[in-house]
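J.: If you're matching them up, the sequences are chains A and B in order.
For the first sequence, the numbering used here gives the first residue as 4, with consecutive numbering after it.
For the second sequence, the numbering used here gives the first residue as 4, with consecutive numbering after it.
Because the hints were derived from the structure by calculation, they are not lab data.
Please read all numbers here as calculations on a predicted model, not as lab measurements.
You may find that some hints are simply not true.
As the list makes no split between identical chains, a pair holds if one copy fits it or if it spans any two.
[Said to hold, decoys possible] No farther apart than 25 angstroms at their CA atoms in a straight line, the calculated lysine to aspartate or glutamate pairs in the DMTMM-like style are these: (1) K194 - D114; (2) K415 - E231; (3) K83 - D204; (4) K39 - E386; (5) K127 - E399; (6) K194 - D78; (7) K395 - E55; (8) K317 - E380; (9) K194 - E98; (10) K127 - D253; (11) K58 - D204; (12) K39 - D65; (13) K369 - E258; (14) K39 - E233; (15) K395 - D261; (16) K39 - E55; (17) K83 - E420; (18) K127 - E366; (19) K369 - D114.
Number of protein chains: 2
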Amino acid sequence: MLQASIITIGDELLIGQVVDTNSAAISRVLGGIGVKVRSMISIADDQNSILESLKRESGLSDIVITTGGLGPTKDDITKKALAEFAGSDGWYYHEGQLAEIHRILGSRGLDVLQINTDQALVPKGCEVIVNHLGTAPVMVFRGKSSLYSLPGVPFEAVAALPDIAADIREHYSLSSIYHRNLMVYGIAESKLSNLIAPWEDNLPEDIHLAYLPSPLTGIRLRISVYGEDETSAEKRVSGLLPALYALLGDYLYSEADDTLEGKTGRILKANSLTLAAAESCTGGEIAHLITTVPGSSAYFLGSVTSYAVSVKEKVLGVPHETIAEYGVVSSEVAAAMAEGARRVLGADYAVATTGLAGPGGDESNKEGTVWIAVASERGTVTEKRVYSADRKRNIERFAASALDLLRRSLQKDGFSE
Amino acid sequence: MLQASIITIGDELLIGQVVDTNSAAISRVLGGIGVKVRSMISIADDQNSILESLKRESGLSDIVITTGGLGPTKDDITKKALAEFAGSDGWYYHEGQLAEIHRILGSRGLDVLQINTDQALVPKGCEVIVNHLGTAPVMVFRGKSSLYSLPGVPFEAVAALPDIAADIREHYSLSSIYHRNLMVYGIAESKLSNLIAPWEDNLPEDIHLAYLPSPLTGIRLRISVYGEDETSAEKRVSGLLPALYALLGDYLYSEADDTLEGKTGRILKANSLTLAAAESCTGGEIAHLITTVPGSSAYFLGSVTSYAVSVKEKVLGVPHETIAEYGVVSSEVAAAMAEGARRVLGADYAVATTGLAGPGGDESNKEGTVWIAVASERGTVTEKRVYSADRKRNIERFAASALDLLRRSLQKDGFSE
Numbered sequence: 004m005l006q007a008s009i010i011t012i013g014d015e016l017l018i019g020q021v022v023d024t025n026s027a028a029i030s031r032v033l034g035g036i037g038v039k040v041r042s043m044i045s046i047a048d049d050q051n052s053i054l055e056s057l058k059r060e061s062g063l064s065d066i067v068i069t070t071g072g073l074g075p076t077k078d079d080i081t082k083k084a085l086a087e088f089a090g091s092d093g094w095y096y097h098e099g100q101l102a103e104i105h106r107i108l109g110s111r112g113l114d115v116l117q118i119n120t121d122q123a124l125v126p127k128g129c130e131v132i133v134n135h136l137g138t139a140p141v142m143v144f145r146g147k148s149s150l151y152s153l154p155g156v157p158f159e160a161v162a163a164l165p166d167i168a169a170d171i172r173e174h175y176s177l178s179s180i181y182h183r184n185l186m187v188y189g190i191a192e193s194k195l196s197n198l199i200a201p202w203e204d205n206l207p208e209d210i211h212l213a214y215l216p217s218p219l220t221g222i223r224l225r226i227s228v229y230g231e232d233e234t235s236a237e238k239r240v241s242g243l244l245p246a247l248y249a250l251l252g253d254y255l256y257s258e259a260d261d262t263l264e265g266k267t268g269r270i271l272k273a274n275s276l277t278l279a280a281a282e283s284c285t286g287g288e289i290a291h292l293i294t295t296v297p298g299s300s301a302y303f304l305g306s307v308t309s310y311a312v313s314v315k316e317k318v319l320g321v322p323h324e325t326i327a328e329y330g331v332v333s334s335e336v337a338a339a340m341a342e343g344a345r346r347v348l349g350a351d352y353a354v355a356t357t358g359l360a361g362p363g364g365d366e367s368n369k370e371g372t373v374w375i376a377v378a379s380e381r382g383t384v385t386e387k388r389v390y391s392a393d394r395k396r397n398i399e400r401f402a403a404s405a406l407d408l409l410r411r412s413l414q415k416d417g418f419s420e
Numbered sequence: 004m005l006q007a008s009i010i011t012i013g014d015e016l017l018i019g020q021v022v023d024t025n026s027a028a029i030s031r032v033l034g035g036i037g038v039k040v041r042s043m044i045s046i047a048d049d050q051n052s053i054l055e056s057l058k059r060e061s062g063l064s065d066i067v068i069t070t071g072g073l074g075p076t077k078d079d080i081t082k083k084a085l086a087e088f089a090g091s092d093g094w095y096y097h098e099g100q101l102a103e104i105h106r107i108l109g110s111r112g113l114d115v116l117q118i119n120t121d122q123a124l125v126p127k128g129c130e131v132i133v134n135h136l137g138t139a140p141v142m143v144f145r146g147k148s149s150l151y152s153l154p155g156v157p158f159e160a161v162a163a164l165p166d167i168a169a170d171i172r173e174h175y176s177l178s179s180i181y182h183r184n185l186m187v188y189g190i191a192e193s194k195l196s197n198l199i200a201p202w203e204d205n206l207p208e209d210i211h212l213a214y215l216p217s218p219l220t221g222i223r224l225r226i227s228v229y230g231e232d233e234t235s236a237e238k239r240v241s242g243l244l245p246a247l248y249a250l251l252g253d254y255l256y257s258e259a260d261d262t263l264e265g266k267t268g269r270i271l272k273a274n275s276l277t278l279a280a281a282e283s284c285t286g287g288e289i290a291h292l293i294t295t296v297p298g299s300s301a302y303f304l305g306s307v308t309s310y311a312v313s314v315k316e317k318v319l320g321v322p323h324e325t326i327a328e329y330g331v332v333s334s335e336v337a338a339a340m341a342e343g344a345r346r347v348l349g350a351d352y353a354v355a356t357t358g359l360a361g362p363g364g365d366e367s368n369k370e371g372t373v374w375i376a377v378a379s380e381r382g383t384v385t386e387k388r389v390y391s392a393d394r395k396r397n398i399e400r401f402a403a404s405a406l407d408l409l410r411r412s413l414q415k416d417g418f419s420e
């Protein structure tokens, strides 16, 4: 199987000021064409480190992909290191990239400076894939292994990946890899492992199962088969699934790589239903998740983030007495918020959260407590959850659990994609 | 200077289904105590890869930190690899971790299964730092280099870092590293580089400047001095700053590692002002950013995500005629949304966005266009921005530019922290 190494370059990575999202994005694309990533390495903007890593990884892998260090400023030195590694004997301006630099900066009303122009200067012998989203071109060096240098800006790197994948397909004959993803929500990893042990223990040796938990999407069960052609691998895996589905029951929410906002969005859209949200402790996270889905305007009307009690009362119409009697973090207030959002925004379904993301709890509820609610013409359901993570993580779990309650409510009400 | 390597372990990293945030979190903590991270490596859940990386990195670095592969399920094999690497001759149950496992699962109402109990089983010879947030303990192996094994779940790994830092301080004498961060918003990287070139070109050789752009926080300028004691490095850097500040002017929004939501939050809080938001295209991102700040309930009343036109009219009171005459993406609608949010939620300041995050524009506005507005008793200001990134990135840029307009408005109105 074709092997690849990913090298991300930048002091900002090594001191932890930026999280590397490029490696994961590159791996997903490589995996899709049957290239196995053997390692991902992050190193500093340092000539020796770059050369050393290029030498080692190009000795071990068929394909080496680097990102970063191509900016116009003085601290970016990847291009010089690449030229030295490839033994280039000079530089040239790439006309296609130069034109893009003028177009991009022009459309933003910016002057084209010398340091911008120099972004189109590349080592002789390298091929260029024009970057249409930024000024740094993608460079391809063909030697014993293939070396691709991508810009470090994540959306520019991601935009280049289809071209990289096409280039790899053109130059190598690829063996296959088959992944099947199932999405599960509402069960802890260890409990899930026990639940499906009877199935997992009987898996053939060459079929690999991984548990990939995430606070926003639940647990992704990934079933992998390497080196078998896709049709035959798919057939074998499909034959094993009914027994797994029987064990998973309602915890299974999707038979593909998916998200709760994607799943609920498709159900809403397919049934011409509209959705509203009322958020307290999640502070906009639910609306944010829903609206990351392109086309969500077809079903999502909007939301009210009622952080202050006054907004719960004035905008959502939660009765003052309900808050006084039961407290802000209560089943009754969650229900009144969902019903208020549904009424005020005029939606078929509304989802609401009220809780304590932390740090700190109050006299009645400990940190990590949330009440979630879903209201529709069929009535209102509420559920309580208690999580024990930090603020950011709790907010994510609160939002995801509310979306999952919405998913289960929609399915219970007979709606499907 | 003490060197460290970080090894993150997990198939999910190599196939790109999970982004590694642990390495950045660990690096930040190590940097803070003067340990330099020389490389970050991600490898698969594979005994040979783990052993090979442990051997190589422990030969190159004084400290090796691993995360991941400690879960209760069958695909997690780090612990076995660590035992082999350290030459342990057996296993023992760590009583402290065992008690935590019972406490944690009990508080969630879960049964303690054998696979949970086995999480407390560790190789003989290793020391344990109890994990209070999860079931997998932190293990410390002392050899030629120090080896720390952390759980892969990000918030559990992060929670262990203060103890790891304390342990490193206890076992090594550390040289120093000094970083100073300045936050800049509203200027492109290349333009900034030109603006401050007269200053940057005269920096002493041992003072290093890096540009770290992010769509949410603008450009972080990081000034670093290695190997000089903190007091003296700070004094030298401070002496250089006034000349830089003169060049940066209003683009500079903070003299520390900061965010726009943090900066505006502190100004609002210090002046007992309240804030509301009305979001269209940003779909909750602004409220989400504001409420990631602990204590934001002191000034943030809430927001209305008015994705549908009906919500803009009914909830925010944007006149139907304004939308009909100027279109949804217009200065007039942005202003009416901000004024509506301020009135309906009863806030001192309100911020609003209306735009097209993409994919796709409409007849009047191209994809990436946003109108932002800030309303207060002093009146309403609006500004237009055009970005050219993908949907997710555009949403982030829209939200950040709105928060920056709020920041500049507050400062213009005479408010400071």
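J.: Hint by hint, say whether it matches the structure.
T.: Results of checking the hints against the structure:
{"no.": "1", "hint": "K194 - D114", "in the structure": "between (59 angstroms within a copy, 9 angstroms between copies)"}
{"no.": "2", "hint": "K415 - E231", "in the structure": "neither (39 angstroms within a copy, 65 angstroms between copies)"}
{"no.": "3", "hint": "K83 - D204", "in the structure": "between (52 angstroms within a copy, 20 angstroms between copies)"}
{"no.": "4", "hint": "K39 - E386", "in the structure": "neither (43 angstroms within a copy, 47 angstroms between copies)"}
{"no.": "5", "hint": "K127 - E399", "in the structure": "neither (48 angstroms within a copy, 37 angstroms between copies)"}
{"no.": "6", "hint": "K194 - D78", "in the structure": "between (49 angstroms within a copy, 15 angstroms between copies)"}
{"no.": "7", "hint": "K395 - E55", "in the structure": "neither (38 angstroms within a copy, 35 angstroms between copies)"}
{"no.": "8", "hint": "K317 - E380", "in the structure": "both (23 angstroms within a copy, 21 angstroms between copies)"}
{"no.": "9", "hint": "K194 - E98", "in the structure": "between (59 angstroms within a copy, 22 angstroms between copies)"}
{"no.": "10", "hint": "K127 - D253", "in the structure": "neither (59 angstroms within a copy, 42 angstroms between copies)"}
{"no.": "11", "hint": "K58 - D204", "in the structure": "neither (42 angstroms within a copy, 33 angstroms between copies)"}
{"no.": "12", "hint": "K39 - D65", "in the structure": "within (10 angstroms within a copy, 30 angstroms between copies)"}
{"no.": "13", "hint": "K369 - E258", "in the structure": "neither (35 angstroms within a copy, 36 angstroms between copies)"}
{"no.": "14", "hint": "K39 - E233", "in the structure": "within (15 angstroms within a copy, 45 angstroms between copies)"}
{"no.": "15", "hint": "K395 - D261", "in the structure": "both (22 angstroms within a copy, 17 angstroms between copies)"}
{"no.": "16", "hint": "K39 - E55", "in the structure": "both (22 angstroms within a copy, 18 angstroms between copies)"}
{"no.": "17", "hint": "K83 - E420", "in the structure": "neither (52 angstroms within a copy, 44 angstroms between copies)"}
{"no.": "18", "hint": "K127 - E366", "in the structure": "neither (69 angstroms within a copy, 43 angstroms between copies)"}
{"no.": "19", "hint": "K369 - D114", "in the structure": "between (55 angstroms within a copy, 21 angstroms between copies)"}
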